[in-house]
Structures are given as structure tokens and as C-alpha cells.
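**Q** Protein sequences appear in the order of chains A and B.
Going by our numbering, the first residue of the first sequence is number 591, and it counts up by one from there.
Going by our numbering, the first residue of the second sequence is number 591, and it counts up by one from there.
Since the hints were made in silico from the structure, they are not lab data.
Being a predicted model, the structure only gives us computed values, none of them experimental.
Each hint can be trusted.
Over 10 Å on every C-beta distance to chain B, these chain A residues come out as not near it, computed from the model:
(1) P711
(2) F795
(3) L809
(4) I962
(5) P1008
(6) A1059
(7) S1066
(8) E1074
(9) R1109
(10) D1114
Straight-line C-alpha distance at most 27 Å; calculated DSS-like pairs for lysine-lysine:
(11) B/K1055 - A/K1014
(12) B/K1055 - A/K1013
(13) A/K1055 - B/K1013
(14) B/K1013 - B/K1117
(15) A/K1117 - A/K774
(16) B/K1117 - B/K774
(17) A/K1014 - A/K1117
(18) B/K1014 - A/K1055
(19) A/K1013 - A/K1117
(20) A/K1055 - A/K1070
(21) B/K1070 - B/K1055
(22) B/K1117 - B/K1014
Glycine included, C-beta positions come from ideal geometry on N, C-alpha and C.
There are 2 protein chains.
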Amino acid sequence: MAGLSPRRLPPPLTLWMWAVLLVSLLTPGATLTEKRLLDQRPNFIIMLMDDMGYGDLGSMGEPNRETSNIDSMAQEGMLFPEFYTGAAICSPSRAAMLTGRLPIRNGFYSTNNFGHNAYTPQEIVGGISDSEVLLPELLSKAGYTNALIGKWHLGHRPQYQPLDHGFHSWFGSPNCHFGPYDDKSTPNIPVYRDRNMMGRYYEDFHINITSGESNYTRLLADEAVAFLEAQVNSIRPFFLLWTPDASHAPHYASRPFLGRSRRGLYGDAVMELDHSVGRILDTLKRTNLTNTLVFFSSDNGAALVDAGYGGDNGRLLCGKQTTFEGGFRVPTIAWWPGVVPPGQVSQQVGTQMDLFTTFAELAGQAIPGDRIVDGINLVSALTNENTTERSVFFYRGDLLMATRVGRYKAHTWTFTTPVEELKKGIDHCPGACVANLTTSVQINRTLTPVVIDLARDPGETYPLKMGTAEYTRVVSEVWKVMDEHLHDMVEGRPALDWCDDAVMNWSPPGCEALHECLRAPASDPYKCDWPH
Amino acid sequence: MAGLSPRRLPPPLTLWMWAVLLVSLLTPGATLTEKRLLDQRPNFIIMLMDDMGYGDLGSMGEPNRETSNIDSMAQEGMLFPEFYTGAAICSPSRAAMLTGRLPIRNGFYSTNNFGHNAYTPQEIVGGISDSEVLLPELLSKAGYTNALIGKWHLGHRPQYQPLDHGFHSWFGSPNCHFGPYDDKSTPNIPVYRDRNMMGRYYEDFHINITSGESNYTRLLADEAVAFLEAQVNSIRPFFLLWTPDASHAPHYASRPFLGRSRRGLYGDAVMELDHSVGRILDTLKRTNLTNTLVFFSSDNGAALVDAGYGGDNGRLLCGKQTTFEGGFRVPTIAWWPGVVPPGQVSQQVGTQMDLFTTFAELAGQAIPGDRIVDGINLVSALTNENTTERSVFFYRGDLLMATRVGRYKAHTWTFTTPVEELKKGIDHCPGACVANLTTSVQINRTLTPVVIDLARDPGETYPLKMGTAEYTRVVSEVWKVMDEHLHDMVEGRPALDWCDDAVMNWSPPGCEALHECLRAPASDPYKCDWPH
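Make a model of the complete structure from these sequences and hints.
**A** Structural data, given as C-alpha cells:
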């Protein structure tokens, strides 16, 4: 009976396209049609890696070729070699994906340090604003069951947590798995089930900092498989956001994967993530849940500050934290048997904000009309019909640093790693020195942008010569696009300006039952300092 | 009848392996067996690209993914992500491949400029020595028909040409297609059919330097297809060395390919080469000549002096001319239906000198016992049985610069681009600056080598910290390997020391019939100057 549910068998493409069209024409009001079409709506999964770089997959040229499951996913689906995040750092990137809006609009930035990235460490006071409409909230209206399994990172205080922003269930942590802490000056990060903590990293959810051993990725994969199996008999479509963090430092892997990679612990972590991706796709196939659009991507480029012990951005310039391609361009694959044709490579310039728009439209939900949404609908790219022209804006914190128009990217500000951080051995651009581009101070080049032809030079190594006809034409186009963008800009209230040690994860909900409540210090708000 | 010839149908692997074993056990003398097994010997093709970089193929991560035929070849065959040339520049690299020996042994180097690369421009006096045994000479003994289609580059004076070194036929040029020249101070480069010139570049074989249009790649592909079709009814196995030069500056492509690539003229050239690779493999399939071991590779890394208008070495450091990975590591694929399993990636560390040894052994020919051959037999790697440990030596001219042992590479000398060349805008390492590694002067670091873990860091960006146990262990291993290597070294007489404008291609054989003989200046030998 369950096996015959039409929702789980992909309908012929043309019928399905017609159905989506009907929904968008008839929404709202056409309740009878909607009810019928609800059963046609696809399920959605986003598998969002943490700090995984553009060059980390075999299918993206990684020489050790250790990601056979993800590479198979690419062969069965569509690779997007020109896909971007909404920011070069975790929290703003995730906020952009789930709101379909740039961090400068949704508030996931700070004005404390001009042109510097901010995120949500556990001393952050703010989080995602109630005024933002998140993808799971839209999908809820369309009858979806929404699950988050893994890291959240949109604010850890109770009012910012996923179950108050559209998710129906959650297993995972609100912040990065930094630690171990002493629970005195700093509490260890909790792991939640829905609204209550289940324990803390290093205490209840172990990560051996010396060996790198941890079962946490396996837990997250088990949770994902269990969630999917539970959907087989559901009449509702689902949205699963799967966000493991093993490829974010401190890296970890479970015992069967430790030492398996030729790339060290980071590679072990990637191999276990690859194995987990295989498990999730196999579960979809095994349970006939193949009317599911799955996206694989990463929240930002590889963190090159790990100095050879982390991910690899391949040929791209610099890494996480920067507005060069190595910060924003991420390995991205779409998979949807019967709809996304196999073995394709799309030249669509995409962003993770497009997932908001694409999923909403596929679910028959109008995107909010009262605000600018930066995402575009990728359906015609996914079905290989045509690509859509679009610009990409590269912000670092509150500052627009670069703009991509067509195949060209113009850097109007340049900045790599601040000098005082370089002195500490922190470097977002190790081994790279491109004249006028990889500057360790912020330089305003708005009047003479450094222009790159990304089709010819994805590594951002050969800026166009100033004064050439090509340069002049591109700069004038970019200025026009920037002007329009900035003219229409309504900046969100910055959510990441204030910190306070009192808001750290001292006593998360559920700590009482576990006897893991800690005493918070007195509130003493201060302006967060963002060194990058 | 032709269709049933056993030579053209791949026999079952086990039978074939047993046959090879028999040959090697019974050689020489077992004439009856040999005669039978002659029909089992595979054909060989090497498709050797010119200045194509490690990152230039879709299957190697090139974001525009414009090489569908070569990528299919990789899917049908075996990719070698850790495959090296014998030198980082054309002539020594090709001499190494065809002799199975490092240029320092076969004489393709110069002592004029310490640690600088030499090659065979048309003013070179020397060429490949008669004392060297070339792969086609060995294969001739085994009854093979050997054809060279494309660039030779082992000496252009008559005594050095391919028909005197084992090839039975040749269509192509002896030198690079530089020009156009005025035929007064410098003659244009000839194109030969066998022992006679057929015309000259820019005069009879057009390359439009402004538009980049030329039919020459199509000619070379037509020649290859015609050669293969002519082999269908031959009882002899064949060896085809196909060496087009469109991806070497000045780049060119025929009209149907001009403007097709998103990467500019270089990309157009690559797309036409890709198309030609498809034609050659299709011909093998169509004519049932599938008992053919085909290698695709490149003579050295991309020439980064083309400053964004040439090839791309992906994540590898620097380019052609250097002993960094971007100079030596090249995209390499093996294809042999029924023997090389499809869709495989080999972790064998290979060099093009291995093709000499592998082909010789597959043809039942013993490699010369009176000299050191640097190639190893790749058969067990090709059949995915096991890989062979081996070291790799990175020479620049007469100087051993780096040594790879296992996964580690130790740079005992460092040198990128000489300062006086940098001043002219020539840069072999654009955008790269790795401390202690990318030095524009020659620095001897033999006592404190810069050590790279290539498995973890193929981009040579994160040298091991000196003083660590790992560093100390690796350096002591490398020193041992270097000592043995240098102890056994018998340097060949340097063939590339002397230049003379009188030896240029003024009056190649065959010029009389074409009325294209030019008057040579009086002989005035001088020591060639090698700036790189």
C-alpha cells in the first residue's frame, strides 16, 4: 500500500511540470486541486557540509578520489560548478540559505568591525529575527514535515531555535563543537533533541581531541535514516536539512574511518560523510522515496587556517572568511531521479539562497512579496532547459566587496587576513599572492575594480588589464548592477553586534533532568569583536 | 575475415596474462609460441598533448567541463592522478618517454646554464643520440608498425628524425610551430611526410595568428584515423604516437571550434583536441581494433607564462619549466577495453618513462640490459592488481631539484623564474608565493629540504615543519634514495649545448620539389643560452 503512494514515485516530467504550473496559477483557493497536487510535491533534502572546500571531492578533482558515494551522486544527478554560498562563514551562510536573502538583509551581520565577518559563538546575544520567513516555515504551510539533523547556528537562545522557526524536529547542536571547555569559564556546547538538551559535546557526545575519534557523524546519519524511514508511511512530503559538522575543526571520525584516508583526519571525516551520503541516498532508493530533490553543498569554502590539515579549495583563490572564490564557491550537486537528468553539469550560476525560492515554488508556496528575496528559481536549470542570468554579491560582514555579473567578477574592495592575525599564523590565503587582490589591509577599489574573467580564470590569478575595452565595458556594467543593488538595499537590523557571557549555554532547556545545569555569570553585554 | 582476427578482439584477461607470462618466460627462442602470441600482442597509442595542464579536463575538475570525450575515456578506462613527465619542458620530456630514461641519462639537457631547461629550437645542433634505444625501435623488433603523427622535437636535422629512430611513418613537424618568420633571418618550420617536407607552417599549413584559425589539428586527426583504418587488415600490431600541438602557444583551432569554448582560444584548441580523441577512440571501436592500450597524457604542465590565456594546472603549484607539481604532474588516462577495468582511479605513481617499459614488456621485448631504464612496468597497476613503490626524480636541466619518495616530495633546490625574466613579465608561478619554495633565485636546500606531503597537500602549500619526527624521518629516507640515484648516475653526453643558425630548417629534404629551399648562413656554432 505504502509502496504505491504516488508521492513516492516520480511522475513523468511533463505532467509534473504542468502540475507545478497549475499550483502556481491556482494558489491560493484551489483547494481541491491543491489537495490532489499535495501528493505530487517532492520531498526535499539539503545535505550541507561544514567548511568543505570546492576541491574536496573526487568529482571536483581531488587527486586521492576518496568520495565515491558523493561522486556517484554527481553521476546520477547534476553538478553545479558555479554555485555560491550567501556568505563565506557559517552562520550568515546558513541564515542566507534558509531565508533566501543576503545576510545584509536578514540581519546576520555586525556593524562593530567594518567589513568583517560575524557569526554565532555561544556568547552571541542575537539570532535569527522573527520577522524573517524561513524555508521550513513556508514549507510547513504546504504541509511539509521539516526536520533539522545537525548544526543550527542561527542563534542558540531558546527564541532563536529551529522549532520556533519552522522545523518540527531537531537533533543536533546550536553552535560549533568547539571545546572541550571546563564548564566554569565556558560551558560545553549542548546537543538537543527538539526543545531539550540531551547532553553536551565532550561530556555526553564524545570527541577525542587527540585521536579524533567520535561517533557523532554516525549518530547524525542514523538519525537521518530513521527520519526517512518514518516518512515512508506519511501522507506528508518532507524537508530534511542534514548538517553534520565533522569537516569543521576540530575534525573527527568514527573508529572504522580513522586512518582510512590518505589525507589525514580531515580526509577520514570526509570519507565518513561520504559514506553517510551514500546511506541517505540508499535509504531513499530502498524505500522508494525517490521523488526527492536532494542538494549536496557546503556552508562555505575550506578553512585554510587549518594550514594543510583541513579542506582544499582546489584551484580557487583563498578560503573561508574571504570574498574570493575559495570562500564562496562550494561543491554542489542536485539529485532527483526522473526529473534531474543524470550525469549533467549545469552552467547555471547558483546560490544557496536559490534553494529557498526553488523549494518554495516546487511546494506551491509563493515567496514573501513584502521583501527582496535574493534566490532565483532553479527548476529550469535542474531540468536542463535553460539557465538564468543573475548577479552575485559578495559581502564580508556589512561591506559589499565584489560583484559577479555574467562571467566577470569585479573586486571593489580587497581584503584577505588582517595583519595582526597573520602575525599569529592565521592565514586565509596561504601561498597566494595576486597583485592588488590578496591584500592584508582593506582597500577600496571601487573606482578601479580588479576584474576577473571567471570562465577563463576561476583561480582569480590574472586580472584583466585596466584600460582595455573589455575592462571598461565590464566595469561600467558592474557599476550599474551595484548601483541598483545598493539603491534597493534595506539593511536588516544587525543581529550579531552584542555579546554577553551570561547567554552562553550554561543552562539550556532540559539541563535539569540531566543534572547538567551550570550557573551563568551576571549579564554584562559588550560589543562583540570580529577580527576577520 | 579481418573482423575475426584474434589480434583485434581482446582475449579474456586471464588468458592474456598467461600469454604475456609465457612470452617473458620463453623469450628468446620460442619461435613457435612467439609467432602464435604475436597475434595476441596489443596495439599501442600514446596521445600526447602539448602544454596541457593537470586541471584542463572536466574529469580533473575544470569548471567549464568542456572535454566530454576525454572524460568519457576516463570513465571507460583508468585515471592516473599521480602521473609525471620525465621533464617539465617539451623535448626532454618526449625524449624521456621514448627512451624510458631521464634526460640526464639520454643526453637531452645542457650544461651551459646550471640547472636550466634546454630543448630543441631550430638552431639546435644536437638531437637524440643513436646510442639511445627508442620505444619504436624495440617495438619494430616485435613486428610492430610504428607511426608518428604530430610534433617530434627530438632533433630536426636529418640524422635525428623519427624514421631513423624506429618509426615507419611520420606526418608532422620536427619543432614547435612558432612563427610566422620571414624566411630570411629565420625560416618557417617545415611539416614532413616521412623523410620529406610537405610545406611550412604559415605558408602551406596555415595558422592565422590573429584569429587563431588553423585546420592543422583536423589534419592530424584525419591522419590518425586513416592510419588506424589502414591497420585493420594488417597482420602486424601497431604503435601510434599522436602528438598534436594546438594547445601549445600560439594556440589554434579550426573554424567549427573557434569561439566554442568559454575559456577562449586555448579552450577552443582543447575542445578540438577532445573531439579528435573521440574520433580516434571511435575509430578503434568501429574497426574492432579494441585490443589497443591507449594512453592520454601531456608533455608537461600548462605554460603559465601565457598569463591566463593558456592551460590550467588546477590546484598544483607553478607550471611548465618548474620542478613543482604544476610542471611535472600531468592528466593521464589509460584505456584498454576488456583489460583495463572501466571507471577506475589508480594510485600508482607513474611516469611517462613507464610507457617504454610497459609497452616493451607487453610486446615481449626485453628492455635494454646495458643501461639504467627509469621506467617501471605498469601492467599490474593497469589491471588494478597492485601498485608498485617507486621514486620520482625532478630535474631541471642538469640539476636534481626534488625527489619524491612514497607520498613525500623533498625539494633540495628551489627555483621558479629568474629575476631577469620576471622583469619581462614572464612568470612560471603567477599568483603563488610559498615561503622557501617559490624562489626566483636558485637556492640549494639539500641540507634542509622543503618537504611536502603530496597526499595531503598536492598544491605544495604547506611544507612540513622542520624538526618534527615526520620531517626528520622523511629527509633521511630521501637522502638515502638520492645518494643511490646519484651514485649510479651515468650522465649522457649533453646534446643541447650547441646552437648554430646554419642548422635551422633552411633546406629540409624535399624542399627542392616544393621550391621552398632557402639559403643557410655560414656555420657559426655558439653555446646556446637557456634562460629558464
